[in-house]
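Q: Sequence:
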Amino acid sequence: MIQADDLVEYGFRRVIITITAVLCALLEIVDTTIVNVALTDMRGSLGATLNDVAWVITAYAIANVIVIPMTSWLSQQFGRRNYFAVSIVIFTVSSFLCGNANNIWELVFFRFIQGLGGGALLVTAQTIITESYPAAKRGMAQAIYGMGVIVGPTLGPPLGGYLVDNFSWPYIFYINIPLGIIATFLTLTFVRSPKYGEKLKANQVDWWGIVFLAAFIGSLQFVLEHGQQDDWFNDTTIVTLSIVSVLGLLAFIWRELTYQHPIVNLKVLADGNLRVGTLMCFILGFGLYGSTLVIPIYTQQILGWTATDAGLLLIPGSITTAFMMPIIGNMIQKGVPQPYLVALGFFIFFFFTLWMHNNMTPDTGSEHLFWALILRGIGLGLLFVPITTMALSTLKGKSIGEGAAFTGMMRQLGGSFGIAIITTYITRFSQEHRVNLVAKLDVTKFEVQQRVTQLQQSFMAKGFSANEALNKAYQVLDYSVMKQSTVQSYMDVFIYLGILFLCCIPVILFIKKGKKVDMSEAMH
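Everything in the sequence shown is counted per numbering that gives the first Met the number 0, starting at 0 for the first residue and increasing by one.
Errors might be hidden in some of the hints.
[Claimed, not checked] Within a straight-line C-alpha distance of at most 20 Å, the following computed PhoX-like cross-link-like pairs (lysine-lysine) qualify:
hint: 1; residue 1: Lys471; residue 2: Lys461
hint: 2; residue 1: Lys333; residue 2: Lys136
hint: 3; residue 1: Lys482; residue 2: Lys471
hint: 4; residue 1: Lys482; residue 2: Lys439
hint: 5; residue 1: Lys136; residue 2: Lys439
hint: 6; residue 1: Lys395; residue 2: Lys266
[Unchecked claim] The calculated label-pair distances, taken between Cβ atoms and stated as ranges, are:
hint: 7; residue 1: Asn81; residue 2: Asn101; range: 31 to 37 Å
hint: 8; residue 1: Ser167; residue 2: Lys266; range: 28 to 34 Å
hint: 9; residue 1: Asp164; residue 2: Gln449; range: 37 to 43 Å
Keep in mind that the hints were calculated from the coordinates and are not lab data. Keep in mind that this is a model prediction, so the values were computed, not measured. All residues carry an ideal CB built from backbone N, CA and C; glycine is no exception.
Using the sequences and the accompanying hints, generate a full structural model.
A: So, in structure tokens, the structure goes:
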């Protein structure tokens, strides 16, 4: 049996393994967001509706969250190196097939397969990278892995925007192929696998656990992704799948607590630090993916930026996070208590949301957003590594790998909840603000009449008749009301997001002081 210390690597080998693991985590996470900017082009070339093309994102997300909790078990069944290499191959081949899809449902199917390969890369990469470092440098290992996880969602939109603007949408998938081939070769050459105990026979495998997990997570993910556009519980499909999700969850919990060889070991959640840590990971995912969604939409729809420019705005903040990670890893190594770092991270993220709330207007410039996004980068840097190491700090042995799978799944689910809730609130708040603004637009007021007359005259100067010019003047007024109400809804979202992060600070008091986490024991 390979012991924990036998898996520690030094020098060139460790550098190569680190690059391979970060590359794979980055590939997986970039692919979660890279598609967002290409949806319009996909609709055009594949002749799909907006609802159909939304499935390109949904299918990937569903596959991701189904496979993440199973990674610890699958690694033990097939050997971690083999499982990791096969996952990269599945991800790479399905990327090629996505680029060659002839219709929207082919693309959706291949995206689902890509998600099954990709979900495995996240948690397995985390375990491989951590066990390659000696115990004293585990915080640093988490920091290096964290760079990929935090920077990935932000890299997707600008990279996708560039490829779509300069080439065509299949290239957002083709870019994975050379990187996947290199990663597979490096994994098979350098990564080593710990020895495991006896493998389960086919009749011992928790097939029902897999079915219940897929029903619960798959249905929940669909409800979150499609709830807003299908008018939530007024839609029969959403109601049906919500019931399936709840029943799936109950059946899954019962099965995992009573079956001898569970696919996901729920008993590991008896650990208090892991419970608090998974909640924190959920909130982190909520804030990370939620703010990554709102900022590009705001800059493109309201400020009229291109997809590439909107994506590039997020890069300095991501570089800040990447720069922060090793510093935070080093501070943890030197014994700075993680709860203090997490509390500071939540506090800084609150100030970021407050800054965004105060700076958003229909004509805000990039200079007004730059420092706010740098602050967001600092906040995320302070949150990711401490939350992950804190969540796993009181676990031992195999439980650490199982705990890592929970934190990974909750971060992804937090992102899904964040996106679903934020898009719903933007729609509802926009309508509310619009009603309030229209109520204040009294056409008998002198200022309103003056504005309408100015607009009418400018349209008449362009050759329109008096009636046509008046109609166009009212349209312009209506558009500016709509724009203002949308901006106000984004401001509301940021302030609520900030309050949510502020409320998390007292929860950190429930964290017990744990040992320095040794994730290399994770899969033994």
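Q: Now tell me if each hint is right for this structure.
A: Comparing the hints with the structure gives:
no.	hint	result
1	Lys471 <-> Lys461	holds (12 Å)
2	Lys333 <-> Lys136	holds (10 Å)
3	Lys482 <-> Lys471	holds (16 Å)
4	Lys482 <-> Lys439	holds (16 Å)
5	Lys136 <-> Lys439	violated (61 Å)
6	Lys395 <-> Lys266	holds (13 Å)
7	Asn81 <-> Asn101: 31 to 37 Å	holds (33 Å)
8	Ser167 <-> Lys266: 28 to 34 Å	violated (49 Å)
9	Asp164 <-> Gln449: 37 to 43 Å	holds (41 Å)
Hint check: violations occur at hints 5, 8; the rest are consistent with the structure.
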